[in-house]
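A.B. asks: Using the hints, position chain E against chain U.
Chains as they are written, first to last, in the UniProt record's numbering: chain U, 1 to 233; chain E, 1 to 233.
Treat the hints with care, as some may be off.
As the list claims (entries may be wrong) - On the chain E side, residues computed to face chain U include the following (Cβ under 7 Å):
id, residue
1, V62
2, A73
3, M160
Just so you know, these hints were derived from the structure itself, not from any lab.
Where a beta carbon is used, it is the ideal one built from N, C-alpha and C, also for glycine.
2 protein chains.
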Amino acid sequence: MLAEHTYKQFDADLEAVRARVLEMGGLVEDQVNKAIEALIGQNTALAEEVIANDVQVNGLEVASDEACTQIIALRQPTASDLRMILTIIKTIADLERIGDEAVKIARFTVKTLNNDRITIPRYSEIKYMADLAIKMLRTSLDSFARVDASAAANVARQDMEVDEEFHLIARHLITYMMEDPRNITLFIDLMFVVKAIERIGDHAENISEYVVYMVKGKNVRHTSLEQLERELE
Amino acid sequence: MLAEHTYKQFDADLEAVRARVLEMGGLVEDQVNKAIEALIGQNTALAEEVIANDVQVNGLEVASDEACTQIIALRQPTASDLRMILTIIKTIADLERIGDEAVKIARFTVKTLNNDRITIPRYSEIKYMADLAIKMLRTSLDSFARVDASAAANVARQDMEVDEEFHLIARHLITYMMEDPRNITLFIDLMFVVKAIERIGDHAENISEYVVYMVKGKNVRHTSLEQLERELE
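With the rest of the complex left out, here is chain U (with noise of 0.2 Å):
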């Protein structure tokens, strides 16, 4: 009976802290998603939002972490289990580093909006990118969610479609700083923003990456795309 009591006292844990990194997930993205729109809006209010709200980010960061040592500790997790809790604890480190990149996205709408009004170019380019991201975030969320591997083929090729897309509106930003050289600081300050998605992008591949291992039991950072393909047959 004791055992059994400790069983499901261990699951009760595990359940609160899995879904507090699903509430952490739809916070970040929900910053990704407004510093994107206040960006493209040019709306200042909701950059300073974005900013404002990373402190819950970070708290539940810290409060995730916490959760899963006191976990192992208490519970000592083997197998499986131990996986979960490993993945959790990567998996919002990574969802932290989004948080700050979306905070970075914030920034720069709140500096250059309280410079001027300007006109930003290949601003649809860049919402295409974002899309993308946010797009790769979501499924590597639901992954976690459903402890189901086998979007990560998918996530990683559409991290280098991202990657593809940050080289081209790199290219394009490039090609207006010589032609108004000018504006090459706000220029610079734009393509580190989209420097910005590209590792929003990085790090949701990372959470698919930690989902194959929590998964499948096997570390596929540094392994390649068809390997990663051959391991989710």
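C.D. replies: Chain E alone, transformed into the frame defined by chain U:
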């Protein structure tokens, strides 16, 4: 007797994984040093060496991560032993990413020097900034080796200096771009090299924050320098 044997085995396992982290740290520090030396000495062969060695960094990350999971599963550490294992898991992730930044710097050297022999300005500034970031990395690894958190406030201060250097060099590069818009692409690539050095500083600061957690049991990831100094008193 059995308990004592188990305890000794745990100590041996922990010592082995600690030694491997320090080996990985030494290799990564070497990679950064070589990447900077290759950049400044325009040494393509050395840059190629850095790119080739990254597979070793990745291998040490995977092996150390697996060793940590094994230790948790078999030895079920608690309290400070568990904190050390979790610190190692996080530290090797940051070391691996520092390795990736070294590769980015090396790729720039290979790509640029294969195109044509160029004179890149601001090398002395870049060298100064890189030396600071490498010093931060060495201090963080020393803190980990000595299980001593006292250097964390210094590392945080040095990270502020590295960030200031980034902004200073970025402004200088923008001036060059305005003066000679034909070289914008080269200077943007160089700006991402300087950004890579800045990120090496960030990762080194992360490691020193993990050491504070390991020694003091407090998460200081999102605290101010003043709070951090109070924690270290």
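A.B. asks: Could you run down the list of hints and mark each one as holding or not?
C.D. replies: Against the structure, the hints:
Here the hint on V62 (chain E) is kept, as its CB sits about 5 Å from the closest CB of chain U, short of 7 Å. Of the supplied interface hints, the one on A73 (chain E) holds, with its beta-carbon coming within about 5 Å of a beta-carbon of chain U, less than 7 Å. For M160 (chain E), the interface hint is violated, since its Cβ never comes within 7 Å of a Cβ in chain U; the closest pair sits about 17 Å apart.
Consistency with the previously given hints fails for number 3 only.
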